[in-house]
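**Q** Chain residues, written in single-letter form:
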Amino acid sequence: MAPPAVEEERVECAVEHGDIAISVRGLRNSFGDQLVHDGLDLDVRKGEILGVVGGSGTGKSVLMRSIIGLQTPDAGEVHVFGESMIGRLDDEALAIRKRWGVLFQGGALFSTLTVAENVEVPIREYYPNIGPQLRDEIAAYKIRMTGLPEEAGPKFPSELSGGMKKRAGLARALALDPDLLFLDEPTAGLDPIGAAAFDDQTRKLQQTLGLTVFLITHDLDTLYSICDRVAVLADRQVIAVGTIPELLALDHPWIQEYFNGPRGRAATAAVERERDRSAAAQDGQGNGQGNGKR
Amino acid sequence: MNKAADLVEETRDGSSVIRLSGTLSVACLRDLPARLDAVTGPVGAIDLGDISHIDTIGAWTVHRTARRLGAKVINASDDARRLIDTVAGYDEPMAIRPDHVSPLQRIVGQIGEAVINSGTTLVGLLGFFGSTLVASWSLLRHPRRFRLNAVVQRFEVVGVSALGIIGLMSFLIGIVIAQQGSVQLKQFGMEVLTINLVGRLTFRELGVLMTAIMVAGRSGSAFAAQLGTMKLTEEIDAMRTIGVSPMEALVLPRTLAVVVMMPLLGFYSSIVAIIGGGFLCAVALDIPPITFVQRLREVVPITDLYVGLIKAPVFGVIIALAGCFQGMQVKANAEEVGLRTTAAVVQAIFLVIVIDSFFAVFFTWVGWV
Chain A
132 MAPPAVEEER
142 VECAVEHGDI
152 AISVRGLRNS
162 FGDQLVHDGL
172 DLDVRKGEIL
182 GVVGGSGTGK
192 SVLMRSIIGL
202 QTPDAGEVHV
212 FGESMIGRLD
222 DEALAIRKRW
232 GVLFQGGALF
242 STLTVAENVE
252 VPIREYYPNI
262 GPQLRDEIAA
272 YKIRMTGLPE
282 EAGPKFPSEL
292 SGGMKKRAGL
302 ARALALDPDL
312 LFLDEPTAGL
322 DPIGAAAFDD
332 QTRKLQQTLG
342 LTVFLITHDL
352 DTLYSICDRV
362 AVLADRQVIA
372 VGTIPELLAL
382 DHPWIQEYFN
392 GPRGRAATAA
402 VERERDRSAA
412 AQDGQGNGQG
422 NGKR
Chain B
623 MNKAADLVEE
633 TRDGSSVIRL
643 SGTLSVACLR
653 DLPARLDAVT
663 GPVGAIDLGD
673 ISHIDTIGAW
683 TVHRTARRLG
693 AKVINASDDA
703 RRLIDTVAGY
713 DEPMAIRPDH
723 VSPLQRIVGQ
733 IGEAVINSGT
743 TLVGLLGFFG
753 STLVASWSLL
763 RHPRRFRLNA
773 VVQRFEVVGV
783 SALGIIGLMS
793 FLIGIVIAQQ
803 GSVQLKQFGM
813 EVLTINLVGR
823 LTFRELGVLM
833 TAIMVAGRSG
843 SAFAAQLGTM
853 KLTEEIDAMR
863 TIGVSPMEAL
873 VLPRTLAVVV
883 MMPLLGFYSS
893 IVAIIGGGFL
903 CAVALDIPPI
913 TFVQRLREVV
923 PITDLYVGLI
933 KAPVFGVIIA
943 LAGCFQGMQV
953 KANAEEVGLR
963 TTAAVVQAIF
973 LVIVIDSFFA
983 VFFTWVGWV
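As they're listed, the protein sequences go chains A and B.
Just so we're aligned, residue 132 is where the first sequence starts under the working numbering, counting upward by one.
Just so we're aligned, residue 623 is where the second sequence starts under the working numbering, counting upward by one.
By construction, these hints were calculated from the structure, which means they are not laboratory data.
Just so you know, not all the hints are guaranteed correct.
Said to hold, decoys possible - Taking lysine-lysine and the PhoX-like style, the derived pairs with C-alpha atoms no more than 20 Å apart in a straight line are:
id, chain 1, residue 1, chain 2, residue 2
1, A, K177, A, K335
2, B, K953, A, K286
3, B, K625, A, K229
4, B, K853, B, K953
5, B, K625, A, K296
6, A, K296, A, K286
7, A, K177, A, K229
Please build the complete structure, drawing on both the sequences and the hints.
**A** Here it is as structure tokens:
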């Protein structure tokens, strides 16, 4: 229908309309006898931070892996930016793949490359038209953007602390200016100050760059402080999606226990304290510091 | 709407202006950065009025060009302005790689490093041998801590599973020696001496040596990789904190397994090599197996067997220690596991051959010739 030149343009520089970034329908995943997902539906809206929670083993990471194509589901449909991602050849999925960045749990940095070289890998791979000098500069500002100090650039991943590795992983995930960012437990294993700073950074980047963020987390503070909506995984499905007050209004035992357990209450209290304080000091710096972590 | 990025140079009010158009995103930049770099001479402003979309890489490209040419950015949309201000805020030089050094300095440095490494490795290996001895001593005093299961399991991995490949290799080596030897000896009409050659060579040297090389390649490397990975995943640290000595739980069972298995495998290898030699003699030289065995008993002194059996456990100690030592040295990353595994095999084979030459001199000296 469309002439070839237009077709190429569409694949290269496409920006779709519609406000759904990821749509998952009827997803079914199993390992041997064990059914992880069965008829799972989920929509992620453009420009939101969607937190994904669920008990251990409910398949949060498997869901993410299914969406980004690391795991082929038994059945179901996954659409990212309107393009079906199941059963696509690598070449076809490439145009979409360039538009997302993934931060794995441990950072998954390439251990033989420096931090800066890690950030350069996607640029080098997809856009050879960007010369080495510009590439170095891009890597430098991306690394600064994620809050790493200047001296982190030439360091190898083994020389970094856990929090720095996550930031370096985030810098690599952001290398191609993705529209969609997947974060797998970004604050797990960070100290409360580091975790709050990371949340803050995520929020800031999301606002500056207009990102859609798919965020798997166990961290209630992260949910309260930066997520627009939260999806709850249980019983092999997404049992509820909504803002935290909406979820709290539901009567599901797991959700109640999750948000109203001791840790959930502590996080709620912290958020309320924070709100009171910023209301009291209206022109204060209100930058989310000292978020009163548990 | 999504056109590739493009630029036009024009003159407005006497000063030059670069007008950018299209989508300034990484996917659509194409050759724009190179073309912007090619722009020289005074440029008053960069006009972003015609661009449709911009991302941080596009913003950075604009920012660096504006900085280089001292140009102003004009007609930027709020989005573009925000992104350019954001990336400009992070505009500080950063090193990408560790500092570059001159080749001469690097070569000298590498030589020095290699020398120091060899020295420390040797000292480390000796130290490791010492701590193995200490651990063995404490195990002897508390024999109930002995991990029989671990050792027996290693027996199987190191010994029984290696039978097939070592047997095949030895059989072929026996054939090769007999065949090559017979060709040479035929010139003197002494083909029957092939039996001496095969018998003495395999028992004294080749049986044990080839076994050692095979075990170093099979088990020494496996030890290094296993322990190295356990070191990376902090399993060894966990063991220490629980109060289990990694020396006792990991190193000693492996060492013991190799030390016990080496003489057995070496003997087995010698026998199979002799069968190989006998097979060739029977097929190619018309020496019947009965004659072969009888002649073997006449020419191979029992001390040859002792020589092989004495060397074997020593080689075993070297292989196991080199493997475990290198594995325990892993610190940083997955790549190091590979390097250490290679080092373990190379070191083990090298040391085995060095010690073997000492043994050769020693046994000649004591009169076992």
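**Q** Against this structure, judge whether each hint is valid.
**A** Going down the list of hints, with the structure as the test:
no. : hint            : in the structure
1   : A:K177 x A:K335 : holds, 16 Å
2   : B:K953 x A:K286 : holds, 16 Å
3   : B:K625 x A:K229 : holds, 18 Å
4   : B:K853 x B:K953 : holds, 7 Å
5   : B:K625 x A:K296 : violated, 37 Å
6   : A:K296 x A:K286 : holds, 11 Å
7   : A:K177 x A:K229 : holds, 17 Å
In summary, the structure is inconsistent with hint 5 from the numbered list given earlier, while agreeing with all the others.
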